[in-house]
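Enquirer: Going down the list, the sequences are from chains H and Y.
Numbering (my numbering) for the first sequence: 1 to 199.
Numbering (my numbering) for the second sequence: 1001 to 1475.
No wet-lab data here; the hints were simulated from the structure.
Heads up, the beta-carbon is just placed ideally off N, CA and C, and yes, glycines get one too.
Please note that the accuracy of each hint is not assured.
So the derived list for chain Y, only partly shown, Cβ under 7 Å to chain H, looks like this [said to hold, decoys possible]: (1) E1106; (2) I1182; (3) A1202; (4) L1214; (5) P1217; (6) R1342.
For each label pair, taking beta carbons as the anchor points, the in silico distance ranges come out as [to be verified]: (7) H:R12 - Y:R1030: 39 to 47 Å; (8) H:A99 - Y:D1191: 17 to 25 Å; (9) Y:R1207 - H:R160: 33 to 41 Å; (10) H:E5 - Y:D1113: 14 to 22 Å; (11) Y:E1410 - H:L22: 52 to 60 Å.
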Amino acid sequence: MTARETVLARLRAALGPAAPALTEVPRDYRRDGVVDIERLVDRLTDYRAQVHRVAATAVADTIAGILPAAAIVVVPPGLPSAWLPSTVTVLPDDDLDNARIAAAAAVVTAAAVAIADTGTVVLDGSPDQGRRVLSLLPDRHVCVVRTAQVVADVPQALARLTPHRPLTWISGPSATSDIELDRVEGVHGPRTLHVILLP
Amino acid sequence: MTRTFLGMPTAPTGVGHLRGAEPFPVAARRALADAQLRRNLGHATATIRAKSAAVIDEVPDWERLRAAGSAIKTDVMARLPELLEQLEQRVTQAGGVVHWAADAHEANAIVVDLVRDTGSDRVIKVKSMATQEIGLNEALEAAGIAPVETDLAELIVQLGDDRPSHILVPAIHRNRAEIRQIFLRAMPGVDPALTDEPADLAAAARRFLRQTFLSTPVAVSGANFAVAETGTLAVVESEGNGRMCLTLPRTLITVMGVEKVVPTWRDLEVFLQLLPRASTGERMNPYTSMWTGVTPGDGPQAFHLVLLDNGRSAVLADEVGRQALHCIRCSACLNVCPVYERTGGHAYGSVYPGPIGAVLSPQLTGVADNASLPYASSLCGACYDACPVKINIPELLVHLRDRAPHPHAESAVMAAAAYAMDRPALFAAAQRATRLSRLAGRRGRGLPPPLSGWTDGRDLSDPPPQTFRDWWANR
């Protein structure tokens, strides 16, 4: 008998010969919340993300104000070039090795979905978000979110996302509660998270 | 009601960390004498209780989410074999390789072989209860492979040559000053000017682990959820060490207890609301990673999923006991437990401490091997109220006490009591006798041997000056 057969046989024996009882899952929890942008801003800020609400034409200027001049900025291949200021050094991801990504000062990405209830942005690896490693190694992450991408709650977010894509849910900068259960921002992921919120 | 299956083995002895070296009362007595430990635990559990209560209060449908979470888990247990087969099929279709392990020995051997195949003598690890349960680190070390724990609390435990004492925060028994001392003593290259500010301590861990993340070709993780319908795995975390391990290496090995499977993608909408608020007291944990098999050009290009039984089928065989498998490892029950708050996690002996550990560990090992744990509770019920998937832990504790070995004296006394209560004249005589014991001055001193075992841990209530029967006769 293979281990697979052993485990499955044991589990079947444990359940007994009767057909499995059907369990109805009550789904009467909230699924139809209304998007509240103020709530998203409040929740992002509460977990120490820095929020910038600007016009769609002002992304480059906003980033120029966030990042020091000549900073090396990693960008995914599909990021709109109009978002990038001329003040920084752009390093497009054409299969960059990890050391070069880690040495960059910042990364700029778009997002797939943002969740107002929890202050979360979700990246799904689309061309304007790139490989997962891009938003992991640099110490600053600048994430651009359009209002149309904001949903009210977690059920609405899952309904918009595609399961087979690699997904990264980000709620504030890297943090730990491991010392006296007190939340401290900044461990292994980016220690600073900027969210630029477009109309 | 309870069926016992021959050939349904519990977790094997001699491997892993499910059995303590001594019974709970002995270990608890020592822990209670440690004033520093009790201060650390009191501070930490009070902090997390307040945070969790505040974010749960924000959710108007919390009880509905709990009911949904509980129902999903009941459904999972009823259909576990078919859901696992579906998960296996989906993961395989997405480019992953699925392995099955009947127990800790098999799981460790699978992981050791997979790491050897990569040629690496080091693995980076995401915090995982399943790999602690099976003693994977010891198995890797025995094979000449160095496991590096990357979660901050696990790193504190590993550098301190210590044992974890909490599911979520394994170093909860240490305060910031103690953690600073551990880092100064055991972290290579640490700055001697390190302060005990948590931000400073976290930065030291960042510097220490960065190069290890970038240079290790294989990682081992656990899983919080696995979706049968899509083959998607999910890991929730805070620090980004999980993302490092799940993203940077060429090979990823995930070890998962079979009970972690959920049927549908949509089910995550329930658990991703319940888990962070009940666990760290956050609306959402900083990072959640989800992946399905292998994604070309992004992340590990080899993915292995090890499905672990290790006594879970024995738990499933008990129709009452199987709800312990509903646990999503949030640790809310630890934080509200008056016993855990005073003794800490080490006293429970197993990697699963606190109320959930007191019902899970004895079932995974067989009750005889952890016979004192079902008694490590006052049955106050706070754990049941706090559980985001509504596991009725007090009911399970009583159920397991019934199955634990009992001293012969206890059954003799109970049989004698039943005999007397069936016979009114004898019962009246017995009641008169207890009043005599009042006069004889045994109050507050417990019962004489061989019955003293029962009163060692309990006060014997004083016999009343007048019984109800006397009052009724004289009214």
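Enquirer: So, for every hint listed, does it hold in this structure?
Expert: To see whether the hints hold, each was checked on the structure:
no.	hint	in the structure
1	E1106	6 Å, holds
2	I1182	11 Å, violated
3	A1202	5 Å, holds
4	L1214	5 Å, holds
5	P1217	12 Å, violated
6	R1342	17 Å, violated
7	H:R12 - Y:R1030: 39 to 47 Å	44 Å, holds
8	H:A99 - Y:D1191: 17 to 25 Å	23 Å, holds
9	Y:R1207 - H:R160: 33 to 41 Å	38 Å, holds
10	H:E5 - Y:D1113: 14 to 22 Å	20 Å, holds
11	Y:E1410 - H:L22: 52 to 60 Å	42 Å, violated
In summary, the numbered hints that this structure violates are 2, 5, 6, 11.
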